[in-house]
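Whole structure, please, built from the sequences with the hints as guidance.
From first to last, the protein sequence lines are chains W and G.
Letter by letter, the first sequence follows residues 408 to 739 of our numbering.
Letter by letter, the second sequence follows residues 408 to 739 of our numbering.
Treat the hints with care, as some may be off.
Chain copies aren't distinguished; within one or between two, either way the pair holds.
To be verified - Here are the simulated DSBU-like cross-link-like pairs (lysine-lysine), alpha carbons at most 35 Å apart as the crow flies:
hint	residue 1	residue 2
1	Lys512	Lys636
2	Lys636	Lys447
3	Lys613	Lys636
4	Lys498	Lys410
5	Lys427	Lys613
6	Lys512	Lys726
In case anyone wonders, no lab produced these hints; they're calculated from the structure.
Number of protein chains: 2
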Amino acid sequence: MKKSDVVQAIFRQPIPQDPKHEKGLAFAPTNIALVKYWGKRDVELNLPVTSSLSIALLDKGAMTTITLQDQAYDTVVLNNQAIPAHSEFAKRISQFLDLFRPEKKWHVHIDIKMNIPAAAGLASSACGFASLMSALNDLFNWQLTLRQLSILARLGSGSAARSFWTGFVEWHAGVQPDGMDSVAEPLAIEWPMLRVGLLTMSEKQKPISSREAMQRTVDSSILYSAWPKKVMQDLAILKQALHTKNFSLLGGTAESNALTMHATMLASWPAVCYFLPETIAAMHQIWALRQQGMELYFTQDAGPNLKLLFLETDTHHVKANFPTVEIVKVFE
Amino acid sequence: MKKSDVVQAIFRQPIPQDPKHEKGLAFAPTNIALVKYWGKRDVELNLPVTSSLSIALLDKGAMTTITLQDQAYDTVVLNNQAIPAHSEFAKRISQFLDLFRPEKKWHVHIDIKMNIPAAAGLASSACGFASLMSALNDLFNWQLTLRQLSILARLGSGSAARSFWTGFVEWHAGVQPDGMDSVAEPLAIEWPMLRVGLLTMSEKQKPISSREAMQRTVDSSILYSAWPKKVMQDLAILKQALHTKNFSLLGGTAESNALTMHATMLASWPAVCYFLPETIAAMHQIWALRQQGMELYFTQDAGPNLKLLFLETDTHHVKANFPTVEIVKVFE
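This is how it looks when you write it as structure tokens:
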């Protein structure tokens, strides 16, 4: 099955090609998975092997503005920097747009503003593609539902499926070959005391994309065979933690899930190692603080940075131990 | 089955309790596993889940001297430092000795000299128990075979089973409940060009013993289920590498095996992480050198230090990149 088949199945009719506004504008929050998405059951459609569960960062994400332009090509500007047309990033965006313009009747100027480092494991492609999809929907007034937007954005970047809501979001793996059931939905749970702390070790572009790392893990890591079972267990435990507001259980489950994901990567060949020396130093520091009784946990995505998980009451303590941490509220 | 049953099965008759010399003396080399021993099928007898394969370090290891003493207790001196009688280490040694003195007719003074850091992942307990077992055999003139010594020393520390030979040694997991087939044997392969480089990040006692880390992994790491398959594959590949003198294959297999072992630990809960920031920095440096074409690999045991694997021809290059490395020949 091809991406264009999915787009057709959602629109059912020829995709409206006339803009309704002068510009399309949308913000999408980045999301941090507490139970990770790692491994695809369909590489073309970005269908995951397992479900996953994330928390949206309220004010962190991507704001995308799209305006039609009278040119035979698209232009992309990211944080006020023009992206070369031949770059992977620009090509990926243009190919995504092609899904919605079968006759290439229009081209656009895309302006993306992100307040997170790009490609450093902070789900920049997730909020990037989610905001792009929403901005397109706005520009052409397609009136797609959030569920439909989630399915379509997923064709650009898997975890973009989760970036259409705030709070806790579950992306269901689904079982259908066309992925129509591989869609995210918000959980009706709030936890205003919850805090996420961004601990940035490096803003450098990561040495291997999460897309490539994921595929290498699936193809070459013997430990990957146990990953689906781990996710199934962790999802059940995490939901229990959310319903009972058991923070230790949430933190421990998220941390163990992240470490297990990175463990599957280390067993790939060539090994995928997103740990930097600074990452390991921070982990040991977190473990030492926990030994002293502090309720502090972390998660780590496909990049060297850690995201601290703690409760509002520990904010002062966290700041004292990690002076460079950027603390984010996850509920209003 | 108890340890004492194994000892009885080997001696078959009452264990001779009269010393034949004034002192028992033996050296045992430490060994570095290229395919690791991780996980026990019998905790009491130190029977492993899988076979393993190691290389002995020629001049690195433990020299143990045992003399009878006219006291009701044993004394242990390690590198000229008296070990407190109530310490775990001294108790472990006395309990091991008890296996050979059912009536507690004798006590000894044990002097161990090791030229490797103790308990920092350099198989100090392996060469320690192997040399202790050999020294006992010498003191009482029991005339045990190397095969019998291997089985008996394994009761003290699993990987001690491999420390009775130089060169490449395979420890067969065995299937018998009494472990009489869980014994090491040397491989008839020499590789004089092979070098091991000890890269010491920390000589501090490790935060968690390999014994405890191993058990925690088996009990709590979901990834451990894939470990036996990994070892089976790696053993076959490594033997092929040894027979064809394919160094890249040897290095890659050993490195992947070590990383996979550490990966199973990271997925334990609480996570076991022997990586220090310095460990990760060295790994990234090794990977960068390999990208440049250098044939340099590493392995890592239950400690923060790395052991570099390379061929004699790269000695100069290795020294230039790792000024503190201690290079060890593994064949005469």
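Now for the hints, and whether the structure bears them out:
1. Taking the closest pair of Cα atoms, lysine 512 and lysine 636 never come within 35 Å of each other, the shortest separation being 46 Å inside a single copy and 54 Å across copies.
2. Proximity of lysine 636 and lysine 447 under a CA criterion of 35 Å is satisfied in both settings, with 15 Å inside one chain copy and 23 Å between copies.
3. For the homomeric pair lysine 613 and lysine 636, the shortest alpha-carbon distances inside one copy (28 Å) and between copies (31 Å) are both at most 35 Å.
4. For the identical chains of this complex, lysine 498 and lysine 410 are intra-copy neighbours only, at 16 Å inside a copy versus 66 Å across copies, given an alpha-carbon limit of 35 Å.
5. Taking CA atoms no more than 35 Å apart as the test, lysine 427 paired with lysine 613 passes in neither setting, with 38 Å inside one copy and 65 Å between copies.
6. Neither within a single protomer nor between protomers do lysine 512 and lysine 726 lie at most 35 Å apart by alpha-carbon distance, with minima of 52 Å and 62 Å respectively.
The structure shown violates the earlier hints numbered 1, 5 and 6.
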